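Novice: For reference, the chains in residue letters:
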Amino acid sequence: MSDHRQVSSSPSFFNNPRNRSIIYQALLILGLGYFFYSIVSNTLANMEARGIKSGYDFLFTTAGFDILMSLIPYDATHTYGRTFLVGLLNTILVSTIGIILATIVGFVMGVAHFSHNLLIRKVAVIYIEIFRNIPLLLQVFFWYFAVLAALPGARQSLSLGEVIFLNVRGLYFPGLVAQTGATFVYAAIAVAITSIYLLRRWAKKRQDRTGQQYPVFSTSLAIMFGLPLMALIFTGFPFTFDIPELKGFNFRGGITVIPELMALTLALTMYTGAFIAEAVRAGIQAVPHGQTEAARSLGLKERRIMQLIIVPQAMRVIVPLLNSEYQSLVKNSTLATAIGYPDLFTVFVGTTLNQTGQAIEIVFMTMAVYFVVNMTISFVMNRFNTSVALVER
Amino acid sequence: MRTFKPLPSQPAPKETVGAVNWIRENFFSSVGNSLATLAILMLLAIILPPAIDWLFLSANWQGVTQADCTKDGACWSFVKAWSKQFFYGSYPSDELWRINLCLLALVAVIIASNVLHKDWRNKIAIPLFLALPFISIVILDGRPIGLSFVSTDYWGGFSLNVLLAAAAIIIAFPLSFLWALGRRSDMPMIRSVCVILIEFFRGVPVLALFFMGSVMLPLFFPEGTNVDKLLRVWIVLTLFMSGYMAEVFRGGFQAVPKGQYEAADSLGLSFWQKTLLIILPQVIKISMPNILATFVMLFKNTTFLLIIGIFEMLSTTQTALTNSNWLGGHATEGYLFVALVFWICCFSMSMISSSIERKLDTSHKK
Chain D
1 MSDHRQVSSS
11 PSFFNNPRNR
21 SIIYQALLIL
31 GLGYFFYSIV
41 SNTLANMEAR
51 GIKSGYDFLF
61 TTAGFDILMS
71 LIPYDATHTY
81 GRTFLVGLLN
91 TILVSTIGII
101 LATIVGFVMG
111 VAHFSHNLLI
121 RKVAVIYIEI
131 FRNIPLLLQV
141 FFWYFAVLAA
151 LPGARQSLSL
161 GEVIFLNVRG
171 LYFPGLVAQT
181 GATFVYAAIA
191 VAITSIYLLR
201 RWAKKRQDRT
211 GQQYPVFSTS
221 LAIMFGLPLM
231 ALIFTGFPFT
241 FDIPELKGFN
251 FRGGITVIPE
261 LMALTLALTM
271 YTGAFIAEAV
281 RAGIQAVPHG
291 QTEAARSLGL
301 KERRIMQLII
311 VPQAMRVIVP
321 LLNSEYQSLV
331 KNSTLATAIG
341 YPDLFTVFVG
351 TTLNQTGQAI
361 EIVFMTMAVY
371 FVVNMTISFV
381 MNRFNTSVAL
391 VER
Chain S
1001 MRTFKPLPSQ
1011 PAPKETVGAV
1021 NWIRENFFSS
1031 VGNSLATLAI
1041 LMLLAIILPP
1051 AIDWLFLSAN
1061 WQGVTQADCT
1071 KDGACWSFVK
1081 AWSKQFFYGS
1091 YPSDELWRIN
1101 LCLLALVAVI
1111 IASNVLHKDW
1121 RNKIAIPLFL
1131 ALPFISIVIL
1141 DGRPIGLSFV
1151 STDYWGGFSL
1161 NVLLAAAAII
1171 IAFPLSFLWA
1181 LGRRSDMPMI
1191 RSVCVILIEF
1201 FRGVPVLALF
1211 FMGSVMLPLF
1221 FPEGTNVDKL
1231 LRVWIVLTLF
1241 MSGYMAEVFR
1251 GGFQAVPKGQ
1261 YEAADSLGLS
1271 FWQKTLLIIL
1281 PQVIKISMPN
1291 ILATFVMLFK
1301 NTTFLLIIGI
1311 FEMLSTTQTA
1321 LTNSNWLGGH
1331 ATEGYLFVAL
1341 VFWICCFSMS
1351 MISSSIERKL
1361 DTSHKK
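Protein chains in written order, with the numbering used here: chain D, 1 to 393; chain S, 1001 to 1366.
In case anyone wonders, no lab produced these hints; they're calculated from the structure. Remember, predicted model here, so these are calculated numbers, not experimental data. Accuracy of the hints is not assured; some may be wrong.
Below, a list of computed lysine to any residue pairs in the SDA-like style, where the Cα atoms sit at most 25 Å apart [said to hold, decoys possible]:
id : chain 1 : residue 1 : chain 2 : residue 2
1  : S       : K1229     : S       : I1145
2  : S       : K1274     : S       : P1289
3  : S       : K1229     : D       : E48
4  : D       : K204      : D       : A295
5  : S       : K1229     : D       : G51
6  : S       : K1229     : D       : L44
7  : S       : K1274     : D       : I23
8  : D       : K122      : S       : S1350
9  : S       : K1084     : D       : V317
10 : S       : K1229     : S       : S1350
11 : D       : K122      : S       : L1041
12 : S       : K1285     : D       : F145
13 : D       : K122      : S       : K1084
Chain D on its own, in the form it takes in the complex (with noise of 0.2 Å):
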């Protein structure tokens, strides 16, 4: 009787999203293949046109150049192997130094931001809005043409109580030479570290099980000074300091500063430490207000508030933020090639590309570079934000 039409539950071939999705994922690789073919090929036929043999070889034949600072032994007849690892080395160095104090003055900054004294809050307002909308690199010109390049010769160097020394060359300070029995001071601070770092996870254990508190930062402070001070005495302080003299022209011995590095470092700091903060400002403004109240209400002091309700809540959201900066802040100090430090940007993707005419291969290996140095910050970073984290049931 009934006209039962066999109605079909599954789409129509085109109309299926797994066949579809499998025809768009096949354009899709012939498109890339195609993509990539044609860009092999023509960099190929290129590079055959101007003569450019591939390969790594040219890691392997003599630079020929000089490099301004290195922190291993350099000269012109070293390879252009080492022309990368000078290069890396002082990358490393700046970025070091930049993460470390762009740190201090952010979180310096960032806490002032919330300071009871009205001009604390100010100066952290002006020095936040002026270093964060200025572009790096002209901060970087200022630093080194404009503030750097105005200082004295060295007749007439700054200095400090005769054993640190500004001027246009750079900043000089004495170098701690170690004589015999130094091991045993760098034993002390080795020893150091690791007692207090086993004194307060003993302490922490100690408060989740009877919450008696131990007095864990005096007595860090008191082992992480007092233990190398006891070696130093012990072995009749067994260094010498090398401070810079003027001899000629220049300074000689202590450790240098060139000017390059300082501008380097001076603007990575600035500006970097501007968005960090931001960032802590950020973090610690997330933290509801309910939270000080009900703090206060428990009747904690405001700096133990601080240190033990607000900042590990703030870290929350400063931790992911400072990645980032940090990461931004590595990739940054590529603008070292404006000013000529000899960073790896500058040494190999400058004169070392400008040598060989090896493009590919340097740029390649430059870039793998900072992609490694970002992940092992991100990595890092990741850990200390999993330790820092929600932890819910």
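Please arrange chain S on chain D, whose structure you already have, making use of the hints.
Specialist: Okay, now just chain S, sitting in the frame of chain D:
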């Protein structure tokens, strides 16, 4: 019948009102604060008078050559003499109206997209926005519409910073949205391609990208193709911006409640209807502050073009500083001026960004 008369309210305690108490509260509330106040005031007293003197009182405002800078203070004549270069680069003087026209068009479209009725906005302002970079290129280049040809070698100055940044973000908008969409896709190939693209352009220093654009990109094209330097820079900036904006959009996607997707599905909307009509408007609204922040970063980063030899504002300044007629060390004046220009732009954008953020933020604050 007695009416209820409340007692007059008590005045605030004496120690909390008045100028003296305000000063005590804000500057001298404790020993530490008093010391800090004094230290800052002393520092200001040392720095401010000479700075004001140098900047304004004994500064040189007249004249357009170095010889006019006779007083001890800043030589603003330097900035005056070079102001045309700072803003327009070495674009021919008779043709400057073209740059102004493009900038005006940009402002007009931005205003139009804010004031137009929503139907018109979607039909007119958005296509105009997307066409604007290409129209600007045609106007500035001049050849296709019969104006005199101006090679990109002559484009420069602050207008180049603005136009490049604007052109990059306009194209990056749809591109990054597609990347962010792809990153959420169920199709593994599309997802991984998008993830690689986003992470690549975010993870590599922008300077390396510029170098790639100027050193490696010519190798990728067939022999004999000559792609204009500025075009390559535009492509690189767009891709760089897309990487960052895709992450911003991803945050926006995550903030849209799941119910919105489900509601759109139950209405029977197709994927693109759902995405473009329901999800996209909410994503843009949520991510607007972050998009602006990303744009500020891109705008500041256009100064990096100096390093590959594009004559944007900062590199024009560097050229002016080494000009043989002006070898008096006017670095501070030049940099201060460039800094001021960029600061005004970036600061006003961050103000807009944070005001939007405040408007969107409905949580309880102290």
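Novice: Please go over all the hints and tell whether each is borne out by the structure.
Specialist: Status of the hints after comparison with the structure:
no.: 1; hint: K1229/S x I1145/S; in the structure: 22 Å, holds
no.: 2; hint: K1274/S x P1289/S; in the structure: 24 Å, holds
no.: 3; hint: K1229/S x E48/D; in the structure: 23 Å, holds
no.: 4; hint: K204/D x A295/D; in the structure: 21 Å, holds
no.: 5; hint: K1229/S x G51/D; in the structure: 23 Å, holds
no.: 6; hint: K1229/S x L44/D; in the structure: 22 Å, holds
no.: 7; hint: K1274/S x I23/D; in the structure: 22 Å, holds
no.: 8; hint: K122/D x S1350/S; in the structure: 18 Å, holds
no.: 9; hint: K1084/S x V317/D; in the structure: 45 Å, violated
no.: 10; hint: K1229/S x S1350/S; in the structure: 31 Å, violated
no.: 11; hint: K122/D x L1041/S; in the structure: 12 Å, holds
no.: 12; hint: K1285/S x F145/D; in the structure: 42 Å, violated
no.: 13; hint: K122/D x K1084/S; in the structure: 36 Å, violated
Checked against the numbered hints given earlier, this structure breaks hints 9, 10, 12 and 13; the rest are met.
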